[in-house]
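Order-wise, the sequence lines are chains V and A. Okay, so the first sequence: first residue is 1 according to my numbering, each after it adds one. Okay, so the second sequence: first residue is 1 according to my numbering, each after it adds one.
Treat the hints as calculated values from the structure; they're not laboratory data. Every residue gets a Cβ at the ideal spot worked out from N, C-alpha and C, and that includes glycine. It is possible that part of the hints are untrue.
Stated by the list, open to error - According to the in silico footprint, chain V covers these stretches of chain A (three or more CB under 8 angstroms from chain V):
{"id": "1", "segment": "110-116"}
{"id": "2", "segment": "123-137"}
As the list claims (entries may be wrong) - In silico negatives: residues of chain V with every beta carbon more than 10 angstroms from chain A:
{"id": "3", "residue": "P179"}
{"id": "4", "residue": "L366"}
{"id": "5", "residue": "E414"}
Unchecked claim - For each label pair, taking beta carbons as the anchor points, the in silico distance ranges come out as:
{"id": "6", "chain 1": "V", "residue 1": "D335", "chain 2": "A", "residue 2": "G114", "range": "46 to 52 angstroms"}
{"id": "7", "chain 1": "A", "residue 1": "E84", "chain 2": "V", "residue 2": "D102", "range": "37 to 43 angstroms"}
{"id": "8", "chain 1": "A", "residue 1": "P88", "chain 2": "V", "residue 2": "N456", "range": "53 to 59 angstroms"}
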Amino acid sequence: VIIDARSVPSGTVVETEVCIVGAGAAGITLAREFINTPFRVTLLESGGMTYDQETEDLYDGQSIGRRYLNLTTCRLRYFGGTTNHWGGWCLPYDAIDFEPRDDLPHHGWPFPKSHLDPYYKRAQDVCKLGPYEYEPSSWGITPNKVPPPFAGPDFKVKILQVSPVQFGPVYASALRSAPRVTAYLHANAFNFEAGENDAEVKELAVKTLSGQNFTVRARIYVVATGGIENARLLLASGREGGPGLGNKHDLVGRFFMVHLAYSAGAILPAHPRMTFDFRAEKEIEIGGGKHSFVSFIGLRSDAMRRRHLPNIMISWGYKFSPVVSGVNALKRLVDGEDFKGGFFADLSEVVHHLEGVGEFVLRKELFGEGIPIEAMNAYCASEQEPNPDSRVTLGSKRDRLGMPEIVLDWKLMEKDKSSAAETLRLLATEMGAAGFGRFHPLVTDDAPWPKDFVGNDHQMGTTRMHGDPTRGVVDENCRVHAMANLYVAGSSVFPAGGANNPTLTIVALALRLADHIKAKLA
Amino acid sequence: MIRRILLSRRWLLASALVGAGALFTGWRSVVFPRAAHAPWPSAYDALAGLCAKLAHPETVGRACLAALPAREATRERLAGLILENVEPSRNGSYSVDWLGRKMSEKSRADFRAGRIVSVDGWILSLTETRLYALAALQAAEG
Numbered sequence: 001v002i003i004d005a006r007s008v009p010s011g012t013v014v015e016t017e018v019c020i021v022g023a024g025a026a027g028i029t030l031a032r033e034f035i036n037t038p039f040r041v042t043l044l045e046s047g048g049m050t051y052d053q054e055t056e057d058l059y060d061g062q063s064i065g066r067r068y069l070n071l072t073t074c075r076l077r078y079f080g081g082t083t084n085h086w087g088g089w090c091l092p093y094d095a096i097d098f099e100p101r102d103d104l105p106h107h108g109w110p111f112p113k114s115h116l117d118p119y120y121k122r123a124q125d126v127c128k129l130g131p132y133e134y135e136p137s138s139w140g141i142t143p144n145k146v147p148p149p150f151a152g153p154d155f156k157v158k159i160l161q162v163s164p165v166q167f168g169p170v171y172a173s174a175l176r177s178a179p180r181v182t183a184y185l186h187a188n189a190f191n192f193e194a195g196e197n198d199a200e201v202k203e204l205a206v207k208t209l210s211g212q213n214f215t216v217r218a219r220i221y222v223v224a225t226g227g228i229e230n231a232r233l234l235l236a237s238g239r240e241g242g243p244g245l246g247n248k249h250d251l252v253g254r255f256f257m258v259h260l261a262y263s264a265g266a267i268l269p270a271h272p273r274m275t276f277d278f279r280a281e282k283e284i285e286i287g288g289g290k291h292s293f294v295s296f297i298g299l300r301s302d303a304m305r306r307r308h309l310p311n312i313m314i315s316w317g318y319k320f321s322p323v324v325s326g327v328n329a330l331k332r333l334v335d336g337e338d339f340k341g342g343f344f345a346d347l348s349e350v351v352h353h354l355e356g357v358g359e360f361v362l363r364k365e366l367f368g369e370g371i372p373i374e375a376m377n378a379y380c381a382s383e384q385e386p387n388p389d390s391r392v393t394l395g396s397k398r399d400r401l402g403m404p405e406i407v408l409d410w411k412l413m414e415k416d417k418s419s420a421a422e423t424l425r426l427l428a429t430e431m432g433a434a435g436f437g438r439f440h441p442l443v444t445d446d447a448p449w450p451k452d453f454v455g456n457d458h459q460m461g462t463t464r465m466h467g468d469p470t471r472g473v474v475d476e477n478c479r480v481h482a483m484a485n486l487y488v489a490g491s492s493v494f495p496a497g498g499a500n501n502p503t504l505t506i507v508a509l510a511l512r513l514a515d516h517i518k519a520k521l522a
Numbered sequence: 001m002i003r004r005i006l007l008s009r010r011w012l013l014a015s016a017l018v019g020a021g022a023l024f025t026g027w028r029s030v031v032f033p034r035a036a037h038a039p040w041p042s043a044y045d046a047l048a049g050l051c052a053k054l055a056h057p058e059t060v061g062r063a064c065l066a067a068l069p070a071r072e073a074t075r076e077r078l079a080g081l082i083l084e085n086v087e088p089s090r091n092g093s094y095s096v097d098w099l100g101r102k103m104s105e106k107s108r109a110d111f112r113a114g115r116i117v118s119v120d121g122w123i124l125s126l127t128e129t130r131l132y133a134l135a136a137l138q139a140a141e142g
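Start from the sequences, fold in the hints, and give me the full structure.
This is the structure in structure tokens:
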């Protein structure tokens with residue numbers, strides 16, 4: 001059932017078994033898991049079914065550290081959450097992302113990747129992906145297609161799958177027809193009341209922008225509002241003037257991290273006509289259906305250990321020879337298409353590049369070669385080292401509902417850049433040694449980050465998971481330490497962020513949490 | 001102060017293809033001052049031919065020259081270093097093609113051994129950097 005919270009009379013008390021705050025990838029996944037159970041679930045969503053600026057403005061806050069994205073546009077606050085504008089890129093985290101590492105302080109999860117594998121498999125279905133298979137050869141990128149720099153001791157080709165699922169539109173109807181799941185739209189979680197001891201959540205105060213106030217009482221509460229808002233809600237809850245819930249050790253909001261995205265530099269291929277089949281973005285028939293994948297370059301795990309480097313995703317775009325315009329014009333002429341400037345413009349383009357077009361046609365026919373590539377522009381997403389000084393706190397300014405806005409102090413370590421520089425230098429060396437080409441890395445030890453450097457919208461770490469309450473906000477079951485019935489879902493529990501896109505891991509953790517809660521309620 | 005010269009991708013392409021011996025089909029005979037330890041003088045002629053074939057030596061080469069230690073910046077010294085440890089030709093013929101292949105091998109070995117130089121941001125092998133630096137001197141001195 002989906003209802004508009006603005007129609008709920010103030011003073012109403014909603015009784016339920018499980019209260020989930022936030023209807024993004026984590027919240028919707030959790031709620032779906034309870035559809036065929038005897039348990040009542042209340043799912044609270046701040047927004048409606050579509051984008052609304054007033055609601056989005058509740059994300060506003062202050063950024064005082066390294067410049068970060070606009071806080072009101074890098075997340076989406078309506079049913080389906082940020083999956084309403086995501087690219088759908090999915091892949092599990094690498095085994096090394098879960099490992100404690102002496103060379104990366106605070107790195108590591110309380111369990112290995114193998115523990116999460118069964119949930120990753122289930123998450124594939126939730127995200128409507130292909131089989132749980134991430135070996136490039138299974139997707140047609142056989143070893144013979146991979147040139148030496150990316151088949152050596154340091155780098156390898158990796159693949160990700162592309163999800164077509166926007167969680168809101170895709171799963172709304174299933175939730176709407178679920179009798180024991182009630183989703184409230186326009187319902188903003190405002191404060192968890194946890195009594196004097198802050199040991200157990202008694203109830204949750206909910207507000208709407210139109211002025212309604214009501215209460216949810218549940219046996220279990222799950223906060224699933226995103227990598228920044230999860231910390232905000234915990235910090236803003238509990239006793240008046242207190243440190244917030246789960247914050248006895250001043251850890252809530254710390255370790256804010258994202259993936260570092262930047263142009264990595266120009267690659268000059270030694271042979272402009274070399275085959276780049278190993279760098280593919282396409283749809284193939286696999287596992288009984290058609291599924292899309294993207295391949296990219298990554299560091300091997302043993303290279304990361306050996307060289308003390310964090311994880312990284314490396315990709316590139318192509319700068320084709322100018323002859324490409326002539327070839328495209330020729331294709332339009334052959335296909336009879338009237339495109340661009342019309343017949344004569346295309347003919348003129350072909351004539352202008354006659355020599356190159358002729359060579360292209362000949363080589364295409366004889367060798368199956370494509371258009372020559374002049375250069376590639378590489379770009380990266382690299383892992384940020386967990387940093388306790390990078391944090392989210394509450395400011396004095398309040399939003400329209402009266403909740404304190406966040407103050408984001410995003411900080412990097414010196415090693416974040418030096419590691420990126422070292423990785424790119426290594427890439428340049430491997431390319432040169434293999435005769436693949438030459439590389440002009442834009443990240444170096446003695447230069448600032450490239451101009452387009454940005455922390456992307458994968459916010460993680462602010463309620464990090466650790467078995468030791470002095471080192472983490474939630475335990476290995478995602479339960480807030482010292483809180484009997486409060487859980488956190490989403491990337492805020494990631495104690496290490498890897499470089500891979502986080503949503504599949506978010507969904508896998510949500511499935512795991514659903515199993516845990518069901519067992520607990522039973 | 002050393003003037004920084006931006007390198008275009010096309011020039012670097014030529015550099016990257018140093019090893020593609022087929023590109024170097026002819027050579028101009030320029031006699032280098034001989035290094036004392038060079039056992040096969042005609043290799044120097046091939047080296048001169050190879051340098052003459054490199055594109056844009058006045059810009060790329062000057063950038064490479066600037067990236068090398070000042071003590072290397074003579075034609076004799078550079079030629080000696082470039083040809084150092086290059087195995088002599090089996091048949092005694094030292095063509096530009098042959099030397100191009102040798103330079104390619106040596107460049108790859110440089111990369112494997114970490115003998116790399118950053119030239120205006122491009123990561124080049126020490127050998128190809130010296131080669132371009134030599135080409136710049138050769139072009140300047142005629």
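Hint-by-hint comparison with the structure:
Counting residues of the segment 110-116 of chain A whose beta carbon lies closer than 8 angstroms to any beta carbon of chain V gives 5, which reaches the threshold of three, so the coverage claim holds. Judged by the Cβ-Cβ criterion of 8 angstroms, the segment 123-137 of chain A is covered by chain V as claimed, because 3 of its residues qualify and three suffice. For V/P179, the condition that its CB be more than 10 angstroms from all CB atoms of chain A holds, with the nearest at approximately 63 angstroms. No beta-carbon of chain A is positioned within 10 angstroms of the beta-carbon of V/L366; the least distance is around 18 angstroms.
Interface exclusion of V/E414 from chain A stands, the closest Cβ pair being 20 angstroms apart, more than 10 angstroms. At roughly 51 angstroms, the beta carbons of V/D335 and A/G114 sit within the given window of 46 to 52 angstroms. Our hint of 37 to 43 angstroms for A/E84 and V/D102 holds, since their Cβ atoms are close to 41 angstroms apart. Between A/P88 and V/N456 the CB atoms are about 55 angstroms apart, so this pair conforms to the stated range of 53 to 59 angstroms.
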